[in-house]
Amino acid sequence: MIEDDYVSTTNPCKVCSPLGVSLAVKGIEGAMSIMHGSQGCATYIRRYMISHFKEPLDIASSSFSETSAIFGGKSNLKSAILNVKQKYDPKLIAVSATCLSETIGDDVAAYCRECNKEVDGEILAITPPPFGGAHLSGYYAAVTSLVKEKKREKEKIQSLNIFPSIYSTADLRYLKQLVASYFDNFMVMPDYSETLDGGIWGEYLPIAPGGTPLKKIGASYLADFSIGFSPFLEDGINPGKTLESENGVEYFPLRPPIGVRGCDDLTQLLCKKSGNRTNQYYLKERARLIDAYADSHKYTFGKRAVVYGDADFVAGIASFLDEVGITPVICACGTPFKEFEKYIKSCLEFTAPEVIKADVDFKTLDDLLEGVEIDLIIGNSKGYKIARDRDIPFVRCGFPIHDRIGGPRFLHIGYKGAMNLLDHVTNTLLTAKQDASPVGYAYQ
Amino acid sequence: MSSSLLNERKDQVWIKSEKEGTLTCDKESLAGAVSQRACVFCGSRVVLYPVADALHIVHGPIGCASFTWDIRGSLSSGPELHRLSFSTDLKEKDVVFGGEKKLERALLKLIEEHKPKATFVFATCITGIIGDDIGAVCKKVGLKVGIPVIPVHSEGFKGTKKDGYKAACDALAKIVGTGDISQVPKLSINILGEFNLAGEAWMIQKYYEQMGIEVVSILTGDGRVEKISKSHGASLNVVQCSGSLSYLAKQMEEDYGIPYKRVSYFGIEDMSKALYDVADFFSDYPGVREKAESVVRDELSRIIPEIEKYKRILAGKRAAVYVGGAFKAFSLIKALKLIGMSVVIAGSQTGNREDYEQLKILSDPGCIIVDDSNPLELSDFVIAKRADLFIGGVKERPIAFKLGIGFCDHNHERKIALAGYKGMINFFKEVHDSVMSPVWNFSPRKFGQLGEIL
Ligand code: SF4
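One line per chain: the protein sequences are A and B, in this order.
Under full-length UniProt numbering, residue 444 is the last one in the first sequence; the count climbs by one each step, no gaps.
Under full-length UniProt numbering, residue 454 is the last one in the second sequence; the count climbs by one each step, no gaps.
Looking at chain A on its own, in the form it has when it is part of the complex:
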């Protein structure tokens, strides 16, 4: 196993789970995160996400000192909560454990319960899987904790709950628009499409407007059904499954809605559940996409790609590539995702990867590339070095994009997202071909 021939992680393809937690919390209306641990983690997480989203990301820390590390961080957490309350006045404070508070065994949940009695507004503890997890698992852990722990609403508000993966803000907006054409009331959670992609404010708002309404989270247990896009997600951090087993809310684990098939799965389900409301707008969008598939098939067919990043993202992109005849030769995710291989295979029909590997770092990925013929690399901007060193055309998408503008509003999902991906991928291949041509050419 990995443990035995362990060397070290070289150039990690993941970040820690508390980052995933704070990202999820950013998608909740009026919420504020506190990282229960040292100041550094919160600051680093902010810095990392600011580089991607280019938006304010205020995350508080309980700012451990040496004494709190030895005697426990209870009093620090309490003053953090009071100070955050005073300055940010959030409707919900989500407290996440960090590696440090986990290691010293602080009972964050108990501290929060205690503070809940004294402070007005809700304080929820989130227990991410800190060690061995990654940002994606932290993200799902947060969503699951929130639907489980949020104070319950009495009345049913929405027909369905949608639990997206770590998507771009454009993806979330698309998803909401699509679902809205079938259902009047639904919940997408978390929804950072506005909180992390809003307009200029003019004054600094302590908490960005937007996010999943708290009421809906509290009423999620009353919905008719839920949809999630990570079919092989582990039980403890699976919000859809949790609502199903604990509250009988029917759960549909769909494949990522990236590419025609993924989006078809989603629209078909929505159509069926809403009483066959077909939607002309999306049908036309789908038709245009298939037309574009035809226009570009000669440039894509038979090409060989590497895809890496978060498990869900890789599965979705691989599924899309498979549709246009590009073989995802190497599929790698940084997340320690046990069912990754099964997941990838379940998304492919026409092509077969040579390597499918979870829990990789970029060193491993680079080694895997040795001697393999590759036309294209698709993934977050952290693969830039490999792409540059090996001179392989590179399409940046996923999380994080630190070296480009527009990363967070790259549209991947739905018919329109597939169109966007298709154009990027095909044009990248065309550019490479054009650049390599001794004469250059003006017509394709």
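Take the hints with a grain of salt, since some may be wrong.
Claimed, not checked - Dumping the calculated PhoX-like pairs for lysine-lysine here, alpha-carbon to alpha-carbon at most 25 Å:
no.: 1; chain 1: A; residue 1: Lys385; chain 2: B; residue 2: Lys415
no.: 2; chain 1: B; residue 1: Lys91; chain 2: A; residue 2: Lys357
no.: 3; chain 1: B; residue 1: Lys109; chain 2: A; residue 2: Lys385
no.: 4; chain 1: B; residue 1: Lys93; chain 2: A; residue 2: Lys363
no.: 5; chain 1: B; residue 1: Lys27; chain 2: A; residue 2: Lys85
no.: 6; chain 1: A; residue 1: Lys85; chain 2: B; residue 2: Lys10
no.: 7; chain 1: B; residue 1: Lys117; chain 2: A; residue 2: Lys385
no.: 8; chain 1: B; residue 1: Lys101; chain 2: A; residue 2: Lys363
no.: 9; chain 1: B; residue 1: Lys91; chain 2: A; residue 2: Lys338
no.: 10; chain 1: B; residue 1: Lys117; chain 2: B; residue 2: Lys140
no.: 11; chain 1: B; residue 1: Lys115; chain 2: B; residue 2: Lys93
no.: 12; chain 1: A; residue 1: Lys150; chain 2: A; residue 2: Lys241
no.: 13; chain 1: A; residue 1: Lys74; chain 2: A; residue 2: Lys176
Claimed, not checked - Not close to chain A: a few residues of chain B, all C-beta gaps over 12 Å, as computed:
no.: 14; residue: Gly21
no.: 15; residue: Cys25
no.: 16; residue: Ala65
no.: 17; residue: Phe86
no.: 18; residue: Asp133
no.: 19; residue: Gly135
no.: 20; residue: Leu143
no.: 21; residue: Gly257
no.: 22; residue: Val435
Treat the hints as calculated values from the structure; they're not laboratory data.
Beta carbons: idealized from backbone N, C-alpha and C, even for Gly.
With chain A fixed as given, assemble chain B with the ligand onto it according to the hints.
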């Protein structure tokens, strides 16, 4: 003054000519205050990062390493080992049973593979808590592989970023003094606290070389272990960046009798002073001062017309400065004055008492001086003072943009050289392009109240 100011923080804010007394600083960050500061580990990582032929491994959970992978703009003229991120990626099992074995194995393999000239092992919060004896592992591995394997005591929670600087200096001190200095000339210096962001160290080094002075070692910009090992042969340490390497300068004065001078390479005045101070130190050597004067003259004649151009456009604009170290703030204030801009907010994450006293002297009446601030305070100050420009780091950038004003990056991640004479022009161009961009005409603040356009 400000609704966003927490009571406990009132003493950390001071307004010139309104408030008597001193500013409180050197405090731990207040819990829940959303401080812009990082941790001890961060301080060490910043200082040691540019040593390009050393292996830097983070002993801890994956976050600490991920967050610091290749984020600095420090260039190397040769090896690039510093730009890779190595970590022991501690898991639950390691936390229970200890991570020493894992660290040892990782070190042996990585050293064999990358053949570094030295290795730095960074402690993090977790290693601090589980009590791994990093020192013992380093010693053991060092003996086996025959290169310095140096523990860096940078446990995140054991203080502030400043303590991290100290830990880094302690680590560097273990290399200083180990090399052969028989070939080092008397007319020589080390440059401390210069990290070669966007090639700045090369520029500075050239100025000194034009004065006939050899630069033995730059700590740590474009750093090499061998050069550091010989640095005790130099006659003078020139310390740029107040906080980070003054510990090492003091240490070297004690251990090797090398005096040091504090300088800054930002701004014309400070840059020129940095050359003259060194020239004066070597006043026994004929011609050094003259050469310094000629360097300054040449450079100035080239840039003065440029400066005049920017002054015509930018005079009267107002800037907010919030940076890591206070020394940088001093230089920025002086530089901005040169083009007729005023500084209305000046603050730092890690200033000490002397630093803030100096800031008070340098600043204009009404200027807000602040220690260890946060987004809510900073944005309140910017609005109250009607700043046109914010100068800070990545975390301050979205604050400026949300308020609809220009922003300049002045931290370790920037890719533009801002030091030296040429850097000054780069800086003014950056300020100009940020303040004068037409995009701000579309921002709500230009319309008065936000409500009017919504
Ligand atoms: S775990 Fe500690 S050392 Fe690592 S980033 Fe967080 S605060 Fe810094």
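Verification of the hints:
no. : hint                  : in the structure
1   : A/Lys385 <-> B/Lys415 : holds, 17 Å
2   : B/Lys91 <-> A/Lys357  : holds, 19 Å
3   : B/Lys109 <-> A/Lys385 : holds, 22 Å
4   : B/Lys93 <-> A/Lys363  : holds, 23 Å
5   : B/Lys27 <-> A/Lys85   : holds, 22 Å
6   : A/Lys85 <-> B/Lys10   : holds, 18 Å
7   : B/Lys117 <-> A/Lys385 : holds, 23 Å
8   : B/Lys101 <-> A/Lys363 : holds, 22 Å
9   : B/Lys91 <-> A/Lys338  : holds, 16 Å
10  : B/Lys117 <-> B/Lys140 : holds, 17 Å
11  : B/Lys115 <-> B/Lys93  : violated, 29 Å
12  : A/Lys150 <-> A/Lys241 : holds, 17 Å
13  : A/Lys74 <-> A/Lys176  : violated, 40 Å
14  : Gly21                 : holds, 24 Å
15  : Cys25                 : holds, 16 Å
16  : Ala65                 : violated, 6 Å
17  : Phe86                 : violated, 5 Å
18  : Asp133                : holds, 17 Å
19  : Gly135                : holds, 18 Å
20  : Leu143                : holds, 20 Å
21  : Gly257                : holds, 35 Å
22  : Val435                : holds, 16 Å
Hint check: violations occur at hints 11, 13, 16, 17; the rest are consistent with the structure.
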